[in-house]
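Visitor: From first to last, the protein sequence lines stand for chains A and B. The first sequence: position 62 = 1166 (our numbering), numbered continuously. The second sequence: position 440 = 759 (our numbering), numbered continuously.
Rather than coming from a laboratory, the hints here were simulated on the basis of the structure. It cannot be assumed that every hint is accurate.
[What the hints assert, rightly or not] Within a straight-line C-alpha distance of at most 27 Å, the following computed BS3-like cross-link-like pairs (lysine-lysine) qualify: (1) B:Lys430 / B:Lys467; (2) B:Lys874 / B:Lys703; (3) A:Lys1179 / B:Lys401; (4) A:Lys1123 / B:Lys401.
[To be verified] If you only want the chain B side, here are some residues facing chain A, beta carbon under 7 Å, derived: (5) Gln323; (6) Arg325; (7) Gly402; (8) Ile451; (9) Glu572; (10) Gly574; (11) Glu843; (12) Phe902.
Built from N, CA and C at the ideal position, the CB exists for glycine as well.
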Amino acid sequence: MPKLKSLDDLQALRQQLQKDIKARTDAATTITVGMGTCGIAAGAREVMHAILNELESRSIDAHVTTVGCIGMCSKEPLVDIQQSDEPRVTYGNISPEMVPRLIEEHLVKGNVVDEWVVGRVGGA
Amino acid sequence: MGEQYRADVLVSCLHDKAPDLMPALEEEVKRRGLEGEVRVVEAGCRGFCSMGPVILIEPEGVFYIGVEPADVPELVEETLVKGRVVERLTYREPATRKRVPYYDDLPFHGKQTRVVLRNCGLIDPMSIEEYIAVGGYQALAHALSEMKPEEVIEEVKASGLRGRGGAGFSTGRKWEAGRKAEGEPKYMLVNGDEGDPNCFMDRALMEADPHSILEGMIIGAYAVGAHEGYWYIPFEHTLSVRSVRNAIEQAREYGLLGEDILGSGFDFDVTLRLGAHSFVGGESTAIMHAIEGKASEPRPKHIHTTEVGLWGKPSCLNNVKTLNIVSEIINRGAEWYASIGTEKSKGTQVFSLAGKINNVGLVEVPMGTTVRELVFDVGGGIPKDRAFKALQIGGPSGGFLPEELLDMPMDYETLAEAGSMMGTGGVIIADDRTCVIDTARYFLGFLQKQSCGKCAPCREGVKRMLEIMTRITEGEGQMSDLDVLKTLGEVIKATSLCGLGKSAPNPVLSTLRYFRDEYVAHIEEGRCPAGVCKALITYQINAEACTGCGLCALKCPQEAISGEKKEPHVIDQEKCIKCGVCFDVCKFDAVTVR
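The following block holds chain A by itself, in its conformation from the complex (with noise of 0.2 Å):
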């Protein structure tokens, strides 16, 4: 491994290697997959791998945790978006397809994707 020869370089390393730790720190976006025996069936497990390969190539700061079945089987897969004080908001039907859209347009632009949604909770 090359040698730390200054602050800077100590702090570019430091920035490469929080993403290893990424599950460990806080972030201010969790997203949520259903991952019941509904949700693993109806592809969620494809779906979530889809999610952090988006993540990853776009550096995008999210956590990705997994729940069990909430009880709307039919539209597994489901994934959840919550950002900070923002509502959660309910995606059904995700396919791995739909995933850099999702993306792209909740967490980039910040417009919710009213067509896939089925539910929101909560918020401030």
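Go by the hints and put chain B onto chain A.
Guide: For chain B alone, coordinates are given in the frame of chain A:
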């Protein structure tokens, strides 16, 4: 490097069953095809020792206790695949019996202020990359590039940081003396020889976060102007040795040790020194003798080691916790640190809790926290809701504090005034079934065995005190013994060579001060109020409460208990060896001890 995972599984308690747990988790994660998505990390001690092995799953913050390899398939399936909490593995609050699934909601965690233990259990101690990712070595880089050595010393002085090895001397002033001392070379030393038998904070810190100590050491070396350093660890502490050795090698590879550190022109390198572990070995001059390869005995200190230390050269020796705090002071400022704690004792203190307490383990609270908060809030109270009797603090040579002092704020000064000491922060809690005289005798026995024997007051005096204490616990004491103990104790305190001899009489002197009635009960009434001292107690069965279940008779190793089924049993006092098994097993509280 630079790969994002969805979840991190942080496994603690390497001393316990974690070595089997790690491969089991890795295997299961692989089997379920979660590689590259979920990562298993070997993290250090989280301090919740009584609950180990513990696992924290991030980012959800789900916390599992007492996890066995057999629990792994369910844990992975439920939590990592399906995102559900496995109830039965979560912590249950003893008082309310409510389950607490998330780490941040644990009362044990919420009532602490973690400065020293900031990274413990949260990062992989074997990875310098994780330490850098959480902000490691930023303070070093800042100090080397933007601060003069004198400014570093001023900052540390202003923070009010005092040496965490036990003596509580101002770290800034020690470094200042080290900087001003004449002579070359100068040495920067780390004291990793934690001698107190009930303390494990230094070891846990070296195991869980070695880089934070190393960073403080390099900053200290820069401040005093040392280019060589030694880090002393007893070889028995194998996990500490493993993580510190690895930390030093990694720091060298990144150029954080060696020549021209971070392009500043400052050179510094560290040698890891392993030696034998002993109680007196943590004393500053003894440790320098040990590094030189001599027997670890102290020497008189009319000349400070900052002037004449290792190999007769100026040497700055700091405890691992002291150095760990330094980078936080540089990063967050002296004012921040000085805002925590009391007027003269700044910052936090790490305590190792042991004895009759629910949350046995390592905790960190601000200086000035009361005994009550430590025992009942952070410590979770006393098992089986028994009554609090005393708290012994400061390691084996600390004093006992009685119930009347439950609301005393703990800092260096108040503890010394109360006849105890902060020491390294070892705490033992005694309930009403603990005999403080027997416990004081036990510690005295330890100190007598550990005395290096160099000076007469400690070598001879502690031995005499032990003889008298043993006599009292055997029912052979006299009232005049109490005066002899007091005089002897005071002489030993005044005339011993090193701090260990000076503090050795504390357990006896403090119990004489606060528990004189128990001494009187032992000597005049031939009675041990706690029912511990074997020569003074008898076990009996209360015929009214006894249901004749026969459990005690079955468990008695001496076959001293007899009786018909469903009829009250009796103990044959001739055969009884007073082991107390009958007392412990009786479900009807029919066995009494007097």
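Visitor: Hints first: check each against the structure and report whether it holds.
Guide: Results of checking the hints against the structure:
Of the supplied pair hints, the one linking Lys430 of chain B and Lys467 of chain B is violated, its CA atoms being roughly 37 Å apart against a limit of 27 Å. Of the supplied pair hints, the one linking Lys874 of chain B and Lys703 of chain B holds, its CA atoms being roughly 22 Å apart against a limit of 27 Å. A hinted pair counts as satisfied when its Cα atoms are at most 27 Å apart, and Lys1179 of chain A with Lys401 of chain B qualifies at roughly 17 Å. Distance hint between Lys1123 of chain A and Lys401 of chain B is fulfilled; the C-alpha atoms sit about 24 Å from each other, no more than 27 Å.
With a least beta-carbon distance of about 5 Å to chain A, the hint placing Gln323 of chain B at the interface is held under the 7 Å criterion. Residue-level restraint check for Arg325 of chain B holds (minimum Cβ-Cβ distance to chain A is 5 Å; threshold 7 Å). A cut of 7 Å between beta carbons decides the hint on Gly402 of chain B: the least distance to chain A is about 3 Å, and the hint holds. The beta carbon of Ile451 of chain B comes within 5 Å of a beta carbon in chain A, closer than 7 Å, and the hint placing it at the interface holds.
The beta carbon of Glu572 of chain B comes within 6 Å of a beta carbon in chain A, closer than 7 Å, and the hint placing it at the interface holds. With a cut of 7 Å, the hint placing Gly574 of chain B at the interface with chain A holds, because the nearest CB-to-CB distance is about 3 Å. For Glu843 of chain B, the interface hint is violated, the least distance from its beta-carbon to any beta-carbon of chain A being 61 Å, above 7 Å. Given the 7 Å rule on beta carbons, the hint for Phe902 of chain B is violated: about 47 Å separates it from the nearest Cβ of chain A.
Checked against the numbered hints above, the structure breaks hints 1, 11, 12 and satisfies the rest.
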